[in-house]
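K.L.:
If you want the building blocks of each chain, they are given just below.
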Amino acid sequence: MKFAHIADCHIGGWRDPKLRNVGALAFEKAIDACVEKDVDFVIVSGDLFNTSLPSVDGLKMVVKKLRQLSNRSIPVYLIAGSHDFSPSGKTMLDVLEGAGLFVNVAKGEEVEGRLKLNFTVDSKTGAKITGLLGKKGGLERGYYEALMKEGLEKEEGYKIFLFHSLLSELKPKSLEKVDSHPLSLLPKNFDYYAGGHPHIVTNAKMDGYGTIAYPGPLFPNNFRELEELSSGGFYVVEDGVLEFEPVQIYNVFNIKVDAEHKAPKQVSEEIMDHITGKEFNDTIVTIRVSGILESGKPSDIDFKGIFEKLYEKSAYFVMKNTNALVSKEFEEIKIDAKDVEDVEERIIKEHIGQINVEGIGDKEVFVTKELMRVLSDSRIEGEKVADFEIRVREDMEKVLGV
Amino acid sequence: MESSHNTLSCESTWLQHLFLGSHGTQHCHQNVLVKLKYILRLTLLVIKGQVISGEYGKILIRQKASEKIELGELLVGEASGVKILLQAVNLLYGSQISQQNLELISGMSLEDNERVDFMDAELRNYNLAVLKNLITISDNNAMVCKRLPAFFSSVRDVTKDDLSFLTQPRDSLFIGNLRSGSKMLDLPIYLDGKEVFSHHILVPATTGRGKSNMTSVLLWDTLDKDYCGILVLDPHDEYYGRNKLGLKDHPSSDKVVYYTPTDVPAGCRTLKINLDLLKPGHFNGVVEWSDPQIQCLSQYYREFGNKWIESIVLDKPLKADFFEGTIAVVKRRIMSLLDLEFNGSELFCNGVFSLNAGEATIADICKELEESRTVIIDTSDFSGSVEILIGSLIVTEVFSKYKRYKVKGLLRDKPVVSVVLEEAPRVLGKEALEKGPNIFSTIAREGRKFKVGLFAITQLPSLIPRQILANMNTKIILGIEMKPEREAIIQSAAQDLSDDDRNIASLDKGEAIISSNFAKFATPVKIPLFEDFVKGSEKVEVKKDFGGISLN
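If you read the sequences in order, they're chains E and W. First residue of the first sequence: 2, per the working numbering; consecutive thereafter. First residue of the second sequence: -16, per the working numbering; consecutive thereafter.
Keep in mind that the hints are not guaranteed to be accurate.
[Stated by the list, open to error] Mimicking DMTMM-like on lysine to aspartate or glutamate, the simulated pairs with C-alpha atoms at most 20 Å apart in a straight line are:
#	chain 1	residue 1	chain 2	residue 2
1	E	Lys206	W	Asp154
2	W	Lys397	E	Asp259
3	W	Lys389	E	Asp396
4	W	Lys391	E	Glu395
5	W	Lys526	E	Glu146
6	W	Lys397	E	Glu146
7	E	Lys91	W	Asp528
8	E	Lys117	W	Asp528
9	W	Lys231	W	Glu521
10	W	Lys389	E	Glu390
11	E	Lys329	E	Glu395
12	W	Lys518	W	Asp528
13	W	Lys397	E	Glu154
14	W	Lys384	E	Glu156
15	W	Lys397	E	Asp192
16	E	Lys178	W	Asp396
17	E	Lys178	W	Asp237
18	E	Lys189	W	Glu354
19	E	Lys385	E	Asp180
20	E	Lys298	E	Asp259
21	W	Lys527	E	Asp396
22	E	Lys150	W	Asp246
23	E	Lys178	W	Asp528
24	W	Lys522	E	Asp180
25	W	Lys350	E	Glu395
26	E	Lys206	E	Asp192
[As the list claims (entries may be wrong)] Derived, one-sided and incomplete: chain E residues facing chain W with beta-carbon distance under 8 Å:
#	residue
27	Ala107
28	Lys108
29	Glu110
30	Gly114
31	Leu134
32	Gly138
33	Phe367
34	Lys370
35	Met373
36	Ser377
37	Asp378
[Unchecked claim] Some chain E residues close to chain W (C-beta under 10 Å, calculated; not the full set):
#	residue
38	Ser87
39	Thr92
40	Gly109
Please keep in mind that the hints were generated in silico from the structure rather than gathered at the bench. Bear in mind the structure is a predicted one, so any value in this text is a computation, not a measurement. Just so you know, even glycine gets a beta-carbon here, dropped at the ideal spot from N, CA and C.
Just need the whole structure built from these sequences, with the hints factored in.
P.N.:
Laid out in structure tokens, this is it:
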């Protein structure tokens, strides 16, 4: 028996036009690999799409590839994840399942207020597959608490359980603030637990359970994941042995610069040093600058020149992250309104001085921009509202110097 | 001759005033009703004795023949319009007949089989009780008692009304019901939980006196309260109630987090701790290391960081020079303590420690405590050393987090964290502390400043240094049979318990004396049986919605 375990494709997840299609491309590549490796079936443990009603662009590619699998009699078994589940029931997954492109294995019946899951049996291999969907905020826990596990645990044969939740026992330190569920919620005695949701690549065996695996996303879904994972992939499981199959769409080149006690010019030069003598064909370049500048402002760093240089060197896409970059000086300089930030700054300057705020003085523009930045921050997935509030409050206090 | 309902001077004066009527004949019906109620109350007050001699703290009363006074019983006396709460600390016989004559009469009864009756027996022979002053009650306020009850005044039974100053604080902690002798009164006793938990609790008791029952009741009571998070290191796996009634049956059971290494009940956590989380300091108070061994551990940590334990087991060479024997002993002890195995090329973890799981376990526990949950760690499968190691690991992290919160000014919004620790002398005893401080002793000394407290349980409080005992500002004293243990407690109690030695020795199962900086007086309580206490608390089953599942 050979099957592919894919998770967290998040098709349509990237907003930038240049990366909008990357999820679908990764899915295409993964399915091609599955066909090439002649798997018996494919399982997707949630978040095939980034929303319950994805845009047509990504959808077209997915339907094409699912049809290809169907034509080759490679069935796809799937569950909804926290992103493509919809409480209203209106999801594209239902439409695609109705078209016979895959089987949603989260099926069962309600027995005296409890949930009895049924197995979907793969006709070729006899593998018995079932699973539970994921919901936002870990709300799927209620399903597990109501789950009748005894029947599932006693069932004979090769069994696979699909789930879309972060398990506490396998939670990495980097996700320690994210809510998770205990392993004990899952039924025991399955051979393979196909996990999704946390974008981590790991697998482990735990007492009473078979192999528990998270293949991570097919392609990194944000700046941090590009830095940490570079690329995505999936597992191919053959006779119980796992092999990670990387999916390479673009190369990723990460630049990290510590700006502590440095002038903007030094930072610019340091970034340039990283790119000098290199070519960046089909490469996504990430630039993260953090620390407190000795002088000048973040906007003094010549990102414009750096970006131009990188695109000259055939970079596919360049991204920067200066969230943790702070300036010692608080005056602003005029620059051409070439992007949203410039427009914001102009508007701020137009309205400057209308309200007399004690203690802000000549730092009003800086403080206003910083406050806008802090307040536009959104909650990290899984971060509690209370933790988010504390984080925003702390950031605001830093900006206001209170 | 006085009747039982008009003996108290102030009350009788008030009564006389009401009946004689300072307002002439204009009393309305309501007034009459009030009078009748008052008379009824007075009628129900039971006179137990009369003050006949003594001194402050040792007031001698003669017991009324028809009444019984028990050791530890609460009584009320009066002095100039204020009530004085008293407690029986000793009981003895009194007789108008000389000792010689009593001995003779006894001889006639025993040896000659003569039936001997005393004339006016109840007048001539009686019981005496020695009472100590607890507090003065005036206008519903309790104050330190500095006076004696009126000479020859009556002493009566305590009532709920007398103690109406005992109110329930906002962040309350239920300790039990007020007890007078062995009689339980319908008056729940609450302390300020926030203060009590952060200033440490000590529970000294001999086996079988109800420590577990008391802890279960306290944990049940605090479970749905947001002011505290409680970490329970449970060496007997008794509080969650895996196979019996326990915290899992609480209506707010979602606030209980249970970590256990084996046979994990559904919804509970597998106790797995990643090896990378261990640091040399966590072994303080756990294993006795020699100085070279401590230096060796520190050197490995300095050179290999989080992978220091793996490096020890895999014999990775150190830059610094260490005697081979030292490294070998350190390796052997680490492997044995952490249940590690090495097959020549690969390291295996057999126990609770893991190479690839449990990276976030400690962080999760800290988070759960900060969310005011009760976290139970089932340590029944571990040796005492491993239990202390795990406790040390968690408590060190909680404490350092709370220290950081204080620096950032965030501590005020955090719940107090209390650590329930059985057999406390293992880490707080003189012998343990001679080997150097550990995280538990650090918390005992300075935890209250950071809202982290200990809930230390022990049969042998005398093993704990006096300074630490004195820092335990609340003591829930259950029965203690051994005199040295009672003395250790009496000497470090928040209230003067110097006359309570007999009282403590005679405490029955479930009976306790609460001595606390946050109680008005050393309060005798009866802790209800856990099974009775939780009766009537039922979980509300919410109908589940299975949206997203294709149901047949």
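K.L.:
Hint by hint, note whether the structure agrees.
P.N.:
The hints, checked one at a time:
About 44 Å separates the Cα atoms of Lys206(E) and Asp154(W), which puts this hinted pair outside 20 Å; it is violated. For the hint pairing Lys397(W) with Asp259(E), the CA-to-CA distance comes to about 34 Å; that exceeds 20 Å, so the pair is violated. Simply put, Lys389(W) and Asp396(E) have alpha-carbon atoms about 18 Å apart, close enough for the 20 Å limit, and the pair holds. At most 20 Å may separate the alpha-carbon atoms for a hinted pair to count; Lys391(W) and Glu395(E) meet this at roughly 9 Å.
Among the hinted pairs, Lys526(W) with Glu146(E) is consistent with the structure: their alpha-carbon atoms are about 12 Å apart, no more than 20 Å. Under the criterion of a C-alpha separation no larger than 20 Å, the hint pairing Lys397(W) with Glu146(E) is inconsistent with the structure, at around 29 Å. Between the alpha carbons of Lys91(E) and Asp528(W) the distance comes to roughly 16 Å, so the proposed pair stays at or under 20 Å and holds. For the suggested pair Lys117(E) and Asp528(W), the alpha carbons sit about 13 Å apart, so the restraint of at most 20 Å is met.
Pair hint Lys231(W) plus Glu521(W) holds up; C-alpha atoms about 11 Å apart against a cutoff of 20 Å. The straight-line distance between the Cα atoms of Lys389(W) and Glu390(E) is roughly 18 Å, inside the 20 Å bound, and the hint therefore holds. With a C-alpha separation of about 18 Å, the suggested pair Lys329(E) and Glu395(E) falls inside the 20 Å cut-off, and the hint holds. Among the hinted pairs, Lys518(W) with Asp528(W) is inconsistent with the structure: their alpha-carbon atoms are about 29 Å apart, more than 20 Å.
A distance of roughly 42 Å separates the Cα atoms of Lys397(W) and Glu154(E); the hinted pair therefore is violated under the 20 Å criterion. Among the hinted pairs, Lys384(W) with Glu156(E) is inconsistent with the structure: their alpha-carbon atoms are about 46 Å apart, more than 20 Å. The suggested pairing of Lys397(W) with Asp192(E) is violated, with an alpha-carbon distance near 43 Å, which exceeds 20 Å. Between Lys178(E) and Asp396(W), the direct Cα distance comes to roughly 18 Å. Compliance with the 20 Å bound is thereby established for this hinted pair.
Straight-line distance between C-alpha atoms of Lys178(E) and Asp237(W) comes to about 19 Å, which keeps the hinted pair within the 20 Å bound. Simply put, Lys189(E) and Glu354(W) have alpha-carbon atoms about 29 Å apart, too far for the 20 Å limit, and the pair is violated. Using a Cα cut-off of 20 Å, the hinted pair Lys385(E) and Asp180(E) holds, with the two alpha carbons roughly 8 Å apart. A C-alpha spacing of about 14 Å is found between Lys298(E) and Asp259(E), which places the hinted pair at or below 20 Å, so the restraint holds.
Straight-line distance between C-alpha atoms of Lys527(W) and Asp396(E) comes to about 39 Å, which puts the hinted pair past the 20 Å bound. Straight-line distance between C-alpha atoms of Lys150(E) and Asp246(W) comes to about 15 Å, which keeps the hinted pair within the 20 Å bound. At roughly 28 Å between alpha-carbon atoms, Lys178(E) and Asp528(W) are farther apart than 20 Å, so this suggested pair is violated. Our distance criterion of 20 Å between C-alpha atoms is broken by Lys522(W) and Asp180(E), whose separation comes to about 24 Å.
Of the pairs offered as hints, the one joining Lys350(W) and Glu395(E) holds, with about 18 Å between alpha carbons and a cut-off of 20 Å not exceeded. Simply put, Lys206(E) and Asp192(E) have alpha-carbon atoms about 10 Å apart, close enough for the 20 Å limit, and the pair holds. For the restraint placing Ala107(E) at the interface with chain W, the shortest Cβ-Cβ distance is roughly 5 Å, inside the 8 Å limit, so the hint holds. With 8 Å as the threshold, the beta carbon of Lys108(E) comes within range of chain W, its nearest partner Cβ sitting at about 4 Å, so the hint holds.
Because the beta carbon of Glu110(E) sits about 4 Å from the nearest beta carbon in chain W, less than 8 Å, this interface hint is met. Of the supplied interface hints, the one on Gly114(E) holds, with its beta-carbon coming within about 6 Å of a beta-carbon of chain W, less than 8 Å. Checking Leu134(E) against chain W by beta carbon gives a least distance of about 5 Å; that is within 8 Å, so the hint holds. Hint on Gly138(E) is violated. Least Cβ distance to chain W is approximately 14 Å, over the 8 Å limit.
Given the 8 Å rule on beta carbons, the hint for Phe367(E) is violated: about 23 Å separates it from the nearest Cβ of chain W. At its closest, the beta carbon of Lys370(E) sits 25 Å from a beta carbon of chain W; the interface hint therefore is violated under the 8 Å criterion. Given hint, Met373(E) at the interface with chain W, is violated; its Cβ is 24 Å from that chain's nearest Cβ, farther than 8 Å. The restraint placing Ser377(E) at the interface with chain W is violated, with a minimum CB-CB distance near 24 Å, outside the 8 Å limit.
For Asp378(E), the interface hint is violated, since its Cβ never comes within 8 Å of a Cβ in chain W; the closest pair sits about 19 Å apart. Satisfaction of the interface hint for Ser87(E) is found here, the shortest Cβ-Cβ separation to chain W being roughly 8 Å, below the 10 Å cut-off. A cut of 10 Å between beta carbons decides the hint on Thr92(E): the least distance to chain W is about 8 Å, and the hint holds. Satisfaction of the interface hint for Gly109(E) is found here, the shortest Cβ-Cβ separation to chain W being roughly 6 Å, below the 10 Å cut-off.
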